[in-house]
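Peer 1: As a plain string of letters, each chain reads:
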Amino acid sequence: MRIHRIRSTGLLIVGLSCFAACSTISTYDQAAYANVTSLKVDTLNVVGQATGSYSEHTKEIAELNTKLDKAYEYDHGRPLNQKTIDLWNQLLKENPNDPDSGILPHFFELWKTQGKISSASIKGEKARIGQAFDKIIALESGKNK
Amino acid sequence: MSKIDFNQIEKDVATLATNLFEEFAKQGIKDGKAFLTETQDDLVSLAQDRAAGAITELEYQNGLREVRVLAKMEAIKQAGLAQVTIDKFTNGIIDIVTKAALAAM
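Same order as they appear, the protein sequences are chains A and B.
With the working numbering as the guide, the letters of the first sequence map in order to residues 142 to 286.
With the working numbering as the guide, the letters of the second sequence map in order to residues 1329 to 1433.
It is possible that part of the hints are untrue.
Stated by the list, open to error - With a Cα cut of at most 25 Å, we get these calculated PhoX-like pairs of lysine-lysine:
| no. | chain 1 | residue 1 | chain 2 | residue 2 |
| --- | --- | --- | --- | --- |
| 1 | A | Lys-286 | A | Lys-181 |
| 2 | A | Lys-267 | B | Lys-1361 |
| 3 | A | Lys-264 | B | Lys-1400 |
| 4 | A | Lys-286 | B | Lys-1427 |
| 5 | B | Lys-1416 | A | Lys-211 |
| 6 | A | Lys-286 | B | Lys-1358 |
| 7 | B | Lys-1400 | A | Lys-181 |
| 8 | A | Lys-264 | B | Lys-1361 |
| 9 | B | Lys-1427 | B | Lys-1416 |
| 10 | A | Lys-181 | B | Lys-1358 |
Since the hints were derived computationally from the structure, they do not count as laboratory data.
Isolated chain B, as found in the complex (with noise of 0.2 Å):
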């Protein structure tokens, strides 16, 4: 009869935080710098647009509120798979004792 291996736990929580939380981040960072780069130049297009006259002031001002809507709808998006990774960790800790508690019985 064996007893939990509580230092293998350790172990074990602390790569899954590892590896869940760095691949959080670079796919964070990646999506960040895509919204950044669509959003420079859909800035730029709209005002080259409108200097031009090929859209009105209207459309442009429509534009330009799409834009921040984007910027918030990225915020939640980042939020809600955030929520995500959270889950994930709690799934993998449970996962992690239950296994170890199973082996020691």
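If we strip away everything but chain A, and leave its shape as in the complex, we get (with noise of 0.2 Å):
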């Protein structure tokens, strides 16, 4: 009889775990919440510099590219982790069906169109441009540890 309920309780938490191990969403990462917040800084100080002229600051833009497409991938290759990257493709990607998407394109584009951009403008961009960056980290922060 004993033998018997400690087998059924077994059995039990053995199922418990298996249930467990159905997470809907990705457990918080250290290395995507260091690599978003320090990439917020670093997009905002090449904003802030929009308005200067474009063709002075391509290579900044490049480099900043580069970065965020890392931390993209990074992010991607996660798994369970389709709201950061639905939230990355607002801030990153152009996408046809969706075209207000791609913040940080579009901002790039109309500095390159106008050659530099208002300083009225900066402020709002930087505000805007660092909510999208706070939405990623307040996601990523509230991830179970």
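Make the complex out of the two chains shown on their own, each in a separate frame, by following the hints.
Peer 2: Below, the structure written as structure tokens:
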């Protein structure tokens, strides 16, 4: 009787452990958090230079885009991380089915088209781009540790 | 040799659900209010800057597009945090049941 009960309880615990493995979203990742917080600073630094000529900042923009691509790929490789990828997509990727998406490529296109961005616009741009990063940061820091 | 206390499990699960989902709802409301305030201020500022000629039409339109994207991002973030809460709830139930089962062994 006792052996039967221990066996049943053991099976219950094994069953629950399998159920526990069915998470719906990735857990917190220190490297991903460090990537996005660091990139927020780097991105706002480049955006802050947009009152200057676009052609004089192409190197910084290209370097920033490479760093952003690396962080995106890191998050893309994590399982159960679709919501974070959806956030990165809104920030980084232009999508014909979602014409508003791609905050940063649209901003760099505008900078290129106009040659420079007015100083009054930069304040708002920095605030909005900062908020976009904050949403990725908030989701990552809110994940189970 | 005791039996699994299902009444206690039920109580513990109810407490867990109340605490987790209340906290999630409170945080969601707080985030939503903060987002609305930020958006309202931003839209007013964009309109004022455009009216004063301080920003170009393209900059104004780009600002409006970014506000729309931020609204989508807020919804995605909240959906992600809801998933986190569901996972916490699932793990909490497993913890409660496992402890009760071990106590009954």
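Peer 1: Does Lys-181/A sit within 25 Å of Lys-286/A, going by the straight-line distance between their CA atoms?
Peer 2: Roughly 22 Å separates the two Cα atoms, so the pair holds.
Peer 1: Please work out if Lys-181/A and Lys-1358/B have their alpha carbons no farther apart than 25 Å.
Peer 2: 23 Å, holds
Peer 1: Are Lys-267/A and Lys-1361/B close enough, with their CA atoms no more than 25 Å apart?
Peer 2: 21 Å, holds
Peer 1: Does Lys-1358/B sit within 25 Å of Lys-286/A, going by the straight-line distance between their CA atoms?
Peer 2: 23 Å, holds
Peer 1: For a C-alpha distance cap of 25 Å, please report whether Lys-264/A and Lys-1400/B respect it.
Peer 2: 22 Å, holds
Peer 1: Is Lys-264/A within 25 Å of Lys-1361/B, Cα to Cα?
Peer 2: The given pair, whose Cα atoms are some 22 Å apart, holds under the 25 Å limit.
Peer 1: Given the proposed pairing of Lys-286/A with Lys-1427/B, does the C-alpha separation stay at or below 25 Å?
Peer 2: Satisfied, since the Cα-Cα distance of roughly 21 Å is no more than 25 Å.
Peer 1: Would you mind confirming whether the straight-line C-alpha gap from Lys-1400/B to Lys-181/A stays at or under 25 Å?
Peer 2: Holds. Lys-1400/B to Lys-181/A sits at ~19 Å (cutoff 25 Å).
Peer 1: Taking 25 Å as the top limit, are the C-alpha atoms of Lys-1416/B and Lys-211/A close enough?
Peer 2: Not satisfied, since the Cα-Cα distance of roughly 30 Å exceeds 25 Å.
Peer 1: Given the hint that Lys-1427/B pairs with Lys-1416/B, test it: the Cα-Cα distance must not exceed 25 Å.
Peer 2: 16 Å, holds
Hint check: a violation occurs at hint 5 only; the rest are consistent with the structure.
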